[in-house]
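Participant: Given the sequences, and given the hints that come with them, work out the whole structure.
One-letter residues, chain by chain:
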Amino acid sequence: MDKQKRNANYNIYVESKVPKTKAWPSLFKAFLVGGLICALGQGFFDLYSHFFPNLAESEVTTCMLMSIIFLTCFLTGIGIYDVIGAWGGAGSVIPITGFSNSISSPAIEFKKEGIIYGICVKMFTIAGPVIVCGVVGSIVCGFVGLFI
Amino acid sequence: MVNVWDYVISFLVGGFICFLGQILVIRTKITTARILVLFMVIGMVLEVFNVYAPFKEFAKAGASVPIIGFGASLARGAIMATKEYGVIGIFTGGLTAAAGGISMAIFASFLFALIFSSKSKRGGH
Amino acid sequence: MQTIKLKNKPYLLNGYSIVGPMEGKGPLKDYFDYILKDDTLKEKTFEKSERKLLQDIIVGAIDKANLKVSDIDFFFGGDLLNQIVSSSYTARELELPFIGLYSACATMAESIALASIFVDNGLANNVVAGTCTHFSSAERQYRFPLELGNQRPPTAQWTITGGGASVISNNPSNIRVVAVTFGRVVDFGIGDVNNMGAAMAPAACDTIREHMKNVGRSSSDYDLILTGDLGKLGSEILIDLMEREKFILGKNYSDCGCMMYDKTERVFMGGSGAGCSASVLNSYILKKLSAGEFKRVLLVSTGALMSTTTSQQGDTIPGIAHAVELEYVGNKPVNKSVTFAKGEKKDG
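Protein chains in written order, with this note's numbering: chain A, 3 to 150; chain B, 141 to 265; chain C, 3 to 350.
Just so you know, nobody snuck in bad clues.
To give an idea of the interface, some chain B residues facing chain A are shown, with a C-beta separation under 10 Å as derived from the structure:
| id | residue |
| --- | --- |
| 1 | C158 |
| 2 | I163 |
| 3 | I175 |
| 4 | V205 |
| 5 | I207 |
| 6 | A215 |
| 7 | M244 |
| 8 | A248 |
| 9 | S257 |
Sample of chain C residues lacking proximity to chain B, with all beta carbon distances greater than 12 Å (derived):
| id | residue |
| --- | --- |
| 10 | E238 |
| 11 | I250 |
| 12 | G252 |
| 13 | S256 |
| 14 | R298 |
Please keep in mind that the hints were generated in silico from the structure rather than gathered at the bench. Positions of the beta carbon are idealized from the N, C-alpha and C atoms, including for glycine.
Facilitator: As structure tokens, then:
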């Protein structure tokens, strides 16, 4: 029997049996969680603009991002962020909090293997690609910047 | 002082971006790392084509909190530094602009990794 | 022939099972010997917890069979962690002669099969076969950090915390091992690591068909045909695949992964892991067989033989299934030591 054909048929058959995630509830949850995180960010933004009126807008934005990143790392540490993530899906991943969670979760997970080989080595197992693509992408953008 | 509309638009735009991401998650089984990279690159592209600044003006935190904003600030940093310092700026600009976020993520992760340990899970979503 | 009919039909003397707190809320909660209250077992790392869990299971099984560790000739076992460390370290602590096995989640059936062959051929008198899994250690090895906020697709399964061990012996009991079948490695080209049920179902189909053909029985001769951890989707696929080969799996078919959790537990397609068939066999099945409520049971543990490296390199998932046929023999009154009360000795 032609194995490739058999496998292709089997994959089509399995695909037809796979239950689909109920789309609307999960989309709604993602919308809600993502929206709330962004609104929280806006809250920090207003807070810092109010107390530090001398800061430029970009600096206030940075402070706001740093605050929610710190908060996410804390929530990851006390074991709450993974619950939010399991509920909210992409709503918890796409905000900068998802990036933060993807750094802190392996750091906490691999603590048992020691500070150097556990925390430090494993910290970027998930977020590594983001930093690499970010740096490479920014350099590409810099080159583009030479010509515009 | 506090403008309620800022919150509404942050919620709606931020939520909508995540909504789009969730469509990808459902349709393509995309992993966390890939979503993050994809949306970051989208942010870079928006910045290069000068679309991000007006978008942020409109959407407030709805534009800066999603990782799109992180990508855009990397790109903007590189472009600005290149204009100011020439070729050296290509390499220094991006990370300089994003330094706050990355440093805080690393520092806070390190700190809380020292304090907390991972916990057993209960059922999924 | 891949089926070995055991001439002397060695006895399954006794079995012992421990499961975690979440599994201990499931439909089989009254059958498990012990339910952990704390799944860390007071150890510092989840790997150490898994080790301790397996050690407790093996000691429990030996105790319950009224034997001493020194009466045991061999320990057949394996687990899901790299280099099957949980089993090796357990064997180190118990100082048992150790035969380490790996068939992923099919390890339980493989261990019992080999142990039975040893006893059947007079190579050993008492052999212990067991395995276990721990959700948290499996998760950190195979998937993502526990604290990462990610969503699982609907086809995902939930690695159980728990396991079981059986003592195979030539001392009589109510349960005999009649025949065992070692499965072929079957790969139908499923690459999605979140859909193990679909990857393993063809292997289960292959093994069940071969076993029935070789022992000359049909599916209606069994009170229960039990697959290891195909989950809900995998079981449905298996039923379809068997139907195409003119084997009807009816009400006497079930899957350990589907039996493990209540519908209210949010575990997607059901339980999985080597401990899944180990704990169900050594609790529910053993009790029912021993009491004569089941006369003939076919346990088909299923395993997916990929590693994280092969999946990342885009390889598909090969499946394997081993079958063990157990039979009730009414030559001994119901053994009182086989009553299954939860939480006897030991604390979690």
